[in-house]
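Starting from the given sequences, assemble the full structure and let the hints guide the process.
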Amino acid sequence: MKKLIVLIFTLLIVINYSVIIKAQCSDAGVCSVGGHSMEQENRSLFNISASYKYGYSGKDDDVKYNSFQVGALYNVLEKTSLQFSIPYNIQSGPLGNVSGIGDLLVSVNQNLYSDENSGFDASFGVKLATGDDNKDNLPIPYQSGLGSNDILFAVNYSYDKFSIGAGYQLAGGRNENYYRLERGDDLLLRGAYSFQFEEFSITPQLLFIKRLAKSSIIDTTKTEEIFVEMENSDQAQLNLLVLTNYQVSNDLSLFFDFAVPFIKREVNVDGLTRAFSASLGVKFSIN
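For the sequence shown, position 194 (counting from the first letter as 1) is numbered 193 according to numbering that gives the first Met the number 0, and the numbering increases by one without interruption.
Some hints here could point you the wrong way.
[Said to hold, decoys possible] Using 25 Å as the maximum straight-line C-alpha spacing, the simulated DSS-like pairs for lysine-lysine come out as follows: (1) K58 with K263; (2) K63 with K134; (3) K213 with K263; (4) K134 with K58; (5) K52 with K221; (6) K63 with K263; (7) K221 with K134; (8) K52 with K209; (9) K58 with K213; (10) K263 with K209; (11) K78 with K160; (12) K160 with K58; (13) K134 with K52; (14) K52 with K63.
Derived from the structure by calculation, the hints contain no laboratory data.
Okay, structure coming up:
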């Protein structure tokens with residue numbers, strides 16, 4: 000318990016520091032698949048989780064994000080699992096307040112190779128546009144969903160406590176928002192190392208995310224349908240994401256994460272940029 004108190008105190012210090020720094024992971028979905036070989040799963044039949052996430056876009060947009068998410072992982076076979084998550088999102092800012100169900104993320108995770116020290120996994124998933132992307136005709140940063148059905152793919156190799164991986168998100172075309180946003184595809188490169196301290200673990204990850212094409216929106220100054228690319232909307236991101244897990248019992252664990260950037264993403268046309276974000280949650284395992 001003493002170690003848990005020290006860990007929480009340390010994390011609070013880091014959070015206080017990171018408020019003034021740009022931090023984001025591509026909430027479009029590509030960060031949420033892959034990397035499962037680094038997770039300290041007890042190989043229970045079924046895991047269910049609930050979490051809360053807070054984020055702030057920064058002073059330019061001045062939008063606050065509150066998200067409540069439920070998720071589950073079901074080990075269908077010894078080396079195959081199904082996973083899903085869906086959030087309820089609340090956005091508030093100078094232009095208004097919006098809330099609603101977010102986009103559903105579903106993935107299949109497959110272990111392709113494993114031995115005593117290493118493993119190679121692949122994940123295939125979809126992000127479905129279950130969230131509203133045009134409530135009150137507000138810009139995408141205010142919306143609960145991105146409005147596109149995307150395809151996600153990731154691979155991950157782990158050796159002992161070290162892991163590297165790559166992911167790709169194929170954006171599903173133009174949405175139905177007032178601004179008719181079309182995002183570019185995302186490429187993700189990931190590296191991680193896991194530290195184990197009896198009941199809890201800390202896993203720092205470096206995430207490099209490159210938007211492979213500029214995003215475009217409709218030109219609202221024209222009477223005809225003309226789309227224009229947004230300058231610098233294909234910027235790269237480099238983030239340090241830290242995941243922590245505390246094992247309360249064999250069936251119950253608590254988790255927390257936060258991020259600090261090394262390369263900032265300045266253009267927020269898709270609403271994914273955060274000046275600060277952190278989440279905490281609980282996971283229950285059923286054997």
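Next pair to validate is K58 with K213; report whether the Cα-Cα distance is within 25 Å. The hint holds at about 23 Å.
So if I understand the rule, the pair passes when the alpha-carbon distance is 25 Å or less; does K52 with K221 pass? violated, 39 Å
Could you grab the alpha-carbon distance between K263 and K209 and see if it respects the 25 Å cut-off? Holds, at roughly 12 Å.
Given the proposed pairing of K58 with K263, does the C-alpha separation stay at or below 25 Å? holds, 14 Å
Is the hinted pair K213 and K263 satisfied, with a Cα-Cα distance of at most 25 Å? holds, 16 Å
Verify the proposed pairing of K221 with K134, using a straight-line Cα cut of 25 Å. holds, 23 Å
Quickly compare the C-alpha distance for K160 and K58 to 25 Å and report which way the hint goes. Since the Cα atoms of K160 and K58 sit roughly 38 Å apart, the hinted pair is violated (cutoff 25 Å).
Between K63 and K263, does the CA-CA distance stay at or below 25 Å? Holds, at about 19 Å.
Starting from K52, check that the Cα of K63 is at most 25 Å away, please. With a Cα-Cα distance of about 11 Å, the restraint between K52 and K63 holds, given a limit of 25 Å.
Within a Cα-Cα threshold of 25 Å, do K63 and K134 meet the stated pairing? Satisfied, since the Cα-Cα distance of roughly 16 Å is no more than 25 Å.
Against the 25 Å threshold, does the CA-CA distance of K78 and K160 hold or violate the hint? Roughly 19 Å between the alpha carbons, so the hint for K78 and K160 holds.
Does K58 lie within 25 Å of K134 when you go C-alpha to C-alpha? holds, 22 Å
Hints 5 and 12 from the earlier list are contradicted by this structure; the remaining hints agree with it.
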